[in-house]
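Residue numbers (numbering that gives the first Met the number 0), protein chains in the order written: chain A, 0 to 263; chain B, 0 to 391.
Just so you know, these hints were derived from the structure itself, not from any lab.
Note that beta-carbon positions come from the ideal geometry of N, C-alpha and C, so glycine has one too.
All clues stand as given, with none of them false.
Label pairs and their computed distance ranges (CB to CB):
hint	chain 1	residue 1	chain 2	residue 2	range
1	A	E183	B	P319	45 to 53 Å
2	A	T22	B	D17	25 to 33 Å
3	B	D315	A	E66	25 to 33 Å
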Amino acid sequence: MRIIVLIKHVPDTWEERVLDPVTGRLDRSASERVVDEITERALEAALALKDRDKSIEVVALTMGPSESTGAIKKALSMGADSGIHLVDDALAGADAMTTAATLAAALRDAGADLIIAGNESTDGRGGVIPAMLAEHLGLPALTFVSELSIDGGRVRGERATETATSVVSAPLPAIVSITEGMPEPRFPSFKGIMGAKKKPVASHPLADLEPALAGSRSSASSVVLTCEQRPGRTGADPIVDEGDAGTKLAGWLIERRLAEQRLV
Amino acid sequence: MTLLNDAPMAAPAHGLSDEQQALVEMVRDFAQQELEPHAIEWDREKHFPLDVLHAAGELGFGGIYVREDVGGTELTRADTALIFEELAKGDVTIAAYISIHNMVAWMIDTFGDDDQRERWVPRLASMEHLGSYCLTEPDSGSDAGALATRAVRDGDDYILTGVKQFISGAGSTDVYIVMARTGEAGPGGITAFIVPADAPGLSFGPNEVKMGWNAQPTRPVILDGVRVPAADRLGAEGEGFTMAMKALNGGRLNIAACSLGGAQWALDRAVRHISTRRAFGAPLSTQQSLVFTIADMETELQAARLLLRSAAQSIDSGHPDVAAHCAMAKRFATDVAFTAANAALQLHGGYGYLAEYGIEKVVRDLRVHQILEGTNEIMKLIIGRSVLEKVS
Ligand SMILES: Cc1cc2nc3c(=O)[nH]c(=O)nc-3n(C[C@H](O)[C@H](O)[C@H](O)COP(=O)(O)OP(=O)(O)OC[C@H]3O[C@@H](n4cnc5c(N)ncnc54)[C@H](O)[C@@H]3O)c2cc1C
Numbered sequence: 000m001r002i003i004v005l006i007k008h009v010p011d012t013w014e015e016r017v018l019d020p021v022t023g024r025l026d027r028s029a030s031e032r033v034v035d036e037i038t039e040r041a042l043e044a045a046l047a048l049k050d051r052d053k054s055i056e057v058v059a060l061t062m063g064p065s066e067s068t069g070a071i072k073k074a075l076s077m078g079a080d081s082g083i084h085l086v087d088d089a090l091a092g093a094d095a096m097t098t099a100a101t102l103a104a105a106l107r108d109a110g111a112d113l114i115i116a117g118n119e120s121t122d123g124r125g126g127v128i129p130a131m132l133a134e135h136l137g138l139p140a141l142t143f144v145s146e147l148s149i150d151g152g153r154v155r156g157e158r159a160t161e162t163a164t165s166v167v168s169a170p171l172p173a174i175v176s177i178t179e180g181m182p183e184p185r186f187p188s189f190k191g192i193m194g195a196k197k198k199p200v201a202s203h204p205l206a207d208l209e210p211a212l213a214g215s216r217s218s219a220s221s222v223v224l225t226c227e228q229r230p231g232r233t234g235a236d237p238i239v240d241e242g243d244a245g246t247k248l249a250g251w252l253i254e255r256r257l258a259e260q261r262l263v
Numbered sequence: 000m001t002l003l004n005d006a007p008m009a010a011p012a013h014g015l016s017d018e019q020q021a022l023v024e025m026v027r028d029f030a031q032q033e034l035e036p037h038a039i040e041w042d043r044e045k046h047f048p049l050d051v052l053h054a055a056g057e058l059g060f061g062g063i064y065v066r067e068d069v070g071g072t073e074l075t076r077a078d079t080a081l082i083f084e085e086l087a088k089g090d091v092t093i094a095a096y097i098s099i100h101n102m103v104a105w106m107i108d109t110f111g112d113d114d115q116r117e118r119w120v121p122r123l124a125s126m127e128h129l130g131s132y133c134l135t136e137p138d139s140g141s142d143a144g145a146l147a148t149r150a151v152r153d154g155d156d157y158i159l160t161g162v163k164q165f166i167s168g169a170g171s172t173d174v175y176i177v178m179a180r181t182g183e184a185g186p187g188g189i190t191a192f193i194v195p196a197d198a199p200g201l202s203f204g205p206n207e208v209k210m211g212w213n214a215q216p217t218r219p220v221i222l223d224g225v226r227v228p229a230a231d232r233l234g235a236e237g238e239g240f241t242m243a244m245k246a247l248n249g250g251r252l253n254i255a256a257c258s259l260g261g262a263q264w265a266l267d268r269a270v271r272h273i274s275t276r277r278a279f280g281a282p283l284s285t286q287q288s289l290v291f292t293i294a295d296m297e298t299e300l301q302a303a304r305l306l307l308r309s310a311a312q313s314i315d316s317g318h319p320d321v322a323a324h325c326a327m328a329k330r331f332a333t334d335v336a337f338t339a340a341n342a343a344l345q346l347h348g349g350y351g352y353l354a355e356y357g358i359e360k361v362v363r364d365l366r367v368h369q370i371l372e373g374t375n376e377i378m379k380l381i382i383g384r385s386v387l388e389k390v391s
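If we strip away everything but chain A, and leave its shape as in the complex, we get (with noise of 0.2 Å):
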């Protein structure tokens, strides 16, 4: 069994992020950049899953700039078998469409039985990626699980609605989307940091990818037209406390209607 997991670096959730004001893209040199958590949470899911069958085979694919062989890297380290990179300076700054046909392209003869990813990532926060792929790859898809498990040639999910718990389930091959209502990820073990470069990674620029690229693109595509600085905050209404400073910040709330008040 063979189990691909889609995993993204991106810049550190807990530092400021930037945008190039002139193509409206992110800037990757302004942070230091890091495996998504959520896709570390879906590397975690398909290890677990290895853990109790060590016949599965785990790979990691990333699309994304040079760089990026890092995530590879760390999803090496924690346990994955191989890796995955799709590369190409066409890419940059690709739309989600361009994103789901160039992955479809390259899990379409990747022999995958089952395929996790992150319901969203931290910085472009879409959330389409996963539904997008099934529809290419004509796989079903169930996504937002927070509890995965596979038994006889089907996968199971858990995923949580406002009002209940959905038990879904496919038969495989099939592709999840996991929340962050998943196990943590496991660290990297010294032995899995120095083992990491003996593991094979294979790196596809767009040209490998062509001819199963050419039945998915679609023409359309969203493209950055103005990008602004989101403008220094100004007009701080500072609250003194003195002794009533409750009082004041709900009279803050209520003269905005951010709160209303209730005479009980």
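Following the hints, put chain B with the ligand in place on chain A, whose structure we already have.
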């Protein structure tokens, strides 16, 4: 002696290989998630977090420079120094215990026969078993060669009798390496033994009440006719002292790295504090005397880092002056780190004295690094003698 030859840049991430950066990143994540949030409480409650140590063992912290065939990771001492510096930022005391544990695992891996390596090391490397190193006695610390614990041969066994003092981890650990006298007076009459915690006749004194290092127990170890099979004698009779000293070379570097990590953490906190704390109408960081304090802390920690990395390379390359290099790194790093941590406390003003800020704990924890694994006076003896020997 060209200590600085080929030495990497001193800034924490400079000159590190991709693997070393990945190691540091992993240790940082582990320290920030598993140690730092609990460090103040463990210190207050005198809690030795066995569960966290077992989790650390699964990641490879128990046999960092132990060979792979018995479960170690076989990293270099240069890697090890980076690991301990980063780990100590989460909790100096736990990092320091892990150093002692590694010393024990390394001694059996290095000096044990095949049977001993297979029986003892895998469970130490995984930290399923924890180790303690028993050299010091109530009446012999710096002069460890004068130790009085006796091991008397009796058929296929030795019978050990004596008291060990200040033993880190004692009472909570599983495997004790005990240095005992089998022969003449002085270092040449000392032999090392592997003693399991449940050996009849082995018992522990009370957990010492101490200034720092509260998250790990320190107890006397009492050996009252403990029978140890000759198969658990480590190396030959009379080799124990030399083996114990070799283990301490690495231990000293680890302790130096722990000092560096603790002090760097305190410095980082102090920089943040004086940048945001305002007095006399401006941030404290605009006061030139405080800028100078920061400059001294930064400079001395960087210098210690260079000396440490250089000494680690000396172990890795088998340099003949390794003992002196390790002693220099230990003496210098533990002294400047204590001074820097104490300066960080001062920069925090009254807040530095409060347990909640964690700074006073680092100061208390680092203080003992100037005393144990050979006091800094003993380090100077080693360094000075090695320099003078070259002349005579
Ligand atoms: C918290 C803690 C944990 C410890 N853990 C362990 C452990 O796990 N295993 C273990 O075996 N030991 C351990 N020790 C013991 C430690 O290594 C000794 O305390 C240390 O070696 C000093 O020995 P001493 O206390 O007997 O001091 P002494 O040797 O009595 O020294 C007293 C003072 O005299 C100075 N002095 C001694 N001789 C000379 C000299 N020739 N020239 C100049 N100055 C000298 C010393 O530097 C020191 O300042 C631990 C100690 C502490 C406090």
